[in-house]
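Number of protein chains: 2
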Amino acid sequence: MSRNRVTVVDIARAAGVSKSTVSLVLQASPLVNETTRARVNATIRELGYVYNRGAANLRQSASSRIIGIVVNDLTNSFFAELAVGMDMVMQSAGYVQFLSNSGESVDRQREVIASMREHGISGLILSPARGTQAADLKPLSESGIPVVAVVRNVVGAKVSTLFSDNHTGAMEAVHHLIALGHRRIAFLGGTPDTTVFTERSQGWRDALAQAGLDAPEERLIGSSASRAGGAVAIAQALALAEPPTAALCFNDAAAFGACDGLRSKGREPGRDFAVVGFDDVIEAETAVPALTTVSVDPQAMGRRAAQMLLKQINAGRVEPEAIVSSVRLVVRESCGAGRTGEEKRVSA
Amino acid sequence: MSRNRVTVVDIARAAGVSKSTVSLVLQASPLVNETTRARVNATIRELGYVYNRGAANLRQSASSRIIGIVVNDLTNSFFAELAVGMDMVMQSAGYVQFLSNSGESVDRQREVIASMREHGISGLILSPARGTQAADLKPLSESGIPVVAVVRNVVGAKVSTLFSDNHTGAMEAVHHLIALGHRRIAFLGGTPDTTVFTERSQGWRDALAQAGLDAPEERLIGSSASRAGGAVAIAQALALAEPPTAALCFNDAAAFGACDGLRSKGREPGRDFAVVGFDDVIEAETAVPALTTVSVDPQAMGRRAAQMLLKQINAGRVEPEAIVSSVRLVVRESCGAGRTGEEKRVSA
DNA sequence: TGACAAATTTGGAACGATCCAATTATCTGG
DNA sequence: CCAGATAATTGGATCGTTCCAAATTTGTCA
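Top to bottom, those sequences are chains A and B. Heads up, the first sequence is in this note's numbering, so the first residue is 2 and it goes up one at a time. Heads up, the second sequence is in this note's numbering, so the first residue is 2 and it goes up one at a time.
Think of the hints as simulated: they come from the structure by calculation, not from any bench. Among the hints, erroneous ones may be present.
A pair counts as met if it fits within one copy or between any two copies, since identical chains are not told apart.
To be verified - Straight line, CA to CA, 20 Å or less: simulated DMTMM-like cross-link-like pairs of lysine to aspartate or glutamate:
hint : residue 1 : residue 2
1    : Lys266    : Glu286
2    : Lys312    : Glu143
3    : Lys159    : Glu143
4    : Lys20     : Glu119
5    : Lys266    : Glu143
6    : Lys139    : Glu47
7    : Lys20     : Asp166
8    : Lys159    : Glu320
9    : Lys139    : Glu119
10   : Lys20     : Glu218
11   : Lys159    : Glu286
Using the sequences and the accompanying hints, generate a full structural model.
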């Protein structure tokens, strides 16, 4: 067994003060005399004392300085960047995170959240697995633990939310493609069971309708929201009687897959077919051709979500707010618009 | 404030037993009578009791069931997959992880580890930031907390290690390129300040030497280990007086970048130039062309690291072991070898 | 029925920090 | 040199659980 740990009492004894004084020093209280503080701090270093946050958290007042983050797929770089953004903010706020992957399983998500709760998280950021019910989050909000839902919605849950403006983003992208002269524009990738899909595909439909163009359902081709899924979807699109000449993809991964699929059919994305993605993950900028995409800036979104949560934790009371973060179309090469040059610095 | 939480005492009162009995029920002790157990469990559910692990951990015996994971770059999918593998094992072992990003900063790494220690982790898996000293891990091992270093080494530290067999993997890749008829083979990407780089580049050198071929230093072109870095490196390689016809890249990200760079110079990877990566991240299989790469299987490596750590935690004493996990060359399209067909299922 | 064993249950003292009220040391000005 | 204020320090109770030794209930058998 590890040797018995050093506690405040040990420090107190060694420094010749009471444990109360040591506690005050630990909290950097102004009440304690400078020389005493120095002596205690020296002893702390000398004995290799490690603060035991668990013990401190026992008093019902204090916050645990732990938050939970649950995402559905860390291997998707969108979520990885989201997590990194959260990590940054939390780290500098002196928090530490439990970070887990639900892998789209509500059961695992439930287990993980329960476990985090036992460990005393003071807040949770959740990118809900498909099929998450409001009831799954009920216990959290009932015990006053703030929750921020990101990316996807949980209908009926009284939690804060942070989504990107999917509808507007999709519309902008489609408008851009129309302006470039395209008339048959497809929507590729994604599964229809998320609000994100609904919003993005509706944006596609609405933009086309606004321009007086057709949005036949055969041009809305779902698939898994991955690189592989994008490849499958583009193949299906090209096989149509009236194949599209451009596509808005559900996300960047699907867009990359669409580019792959085009190449394997001997077509060059950006020249023979316009591809637009959604999210603006890091590789979008350096890929060849650089991906035109609707920038969601997942890292910034992560930071924002973390700030929302911290605000609620500090406020001490749960006051759900709903924020829709705006998006902007970043025009690069894959849509066939003139390359701006500004994006070329990397490969130069 | 949140309403005052439900404790064992509340359960005890409501169920008409003592808190000790409730505690026994919580630990599923066989000592307690069946009917009593049922009654207590019912009360627990009824009152919405949440176990307070922090309080339990106060008794010096118990393990916290928390481990820490620190990686240097979560946005790199190699590390994301590594983390997911660990998450899987930890989740089913009933553990929960603190997961943080050091972003290659030893200072942040130190802070994060210190914070995790205050929260009472019972083990740590670390993919060390560049420049990590053995002294940084000393306090951990001294207090008996097992540490597993993955991917990179920390010289002089008494911790368990899990690396991939970088030297052999690099040699295999180069042998393959030689067998395909290449004579001028470059090594692209990566920075020389990690053991991983040393091992992989040495494998490149040794394989060439074994075949009686030259390994001039000008063909060893370092750069950041990223997509952008790979693009820079290949540009430099093509500008040489005697440009190489093939390259082993430091990792898959650099290899993708090299492909990008080739294309922007009008050369098709796999046809005009052979590219081999290292790691075998998920996209390697679905990219076009599919990337020939040395498979490290990061997710499996993550699972293995987690198992090593759990073993040590359960053993109760720190007994460092060093494991080198074997790698294998996965031949796909980017090296110009005939496509096997087996890899084509996705885009079909 | 009583003696003894086995099965259950139970107070109370930990664990390591915080916080309050109370105490002691130090300073100030008349 | 002392009253009164201020500064600094300090016991002890407390948080929610576990664990031990001891107490109580139940069961068995002569």
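- Query: Quick check: which numbered hints come out false for this structure?
  - Reply: 5, 7, 10, 11
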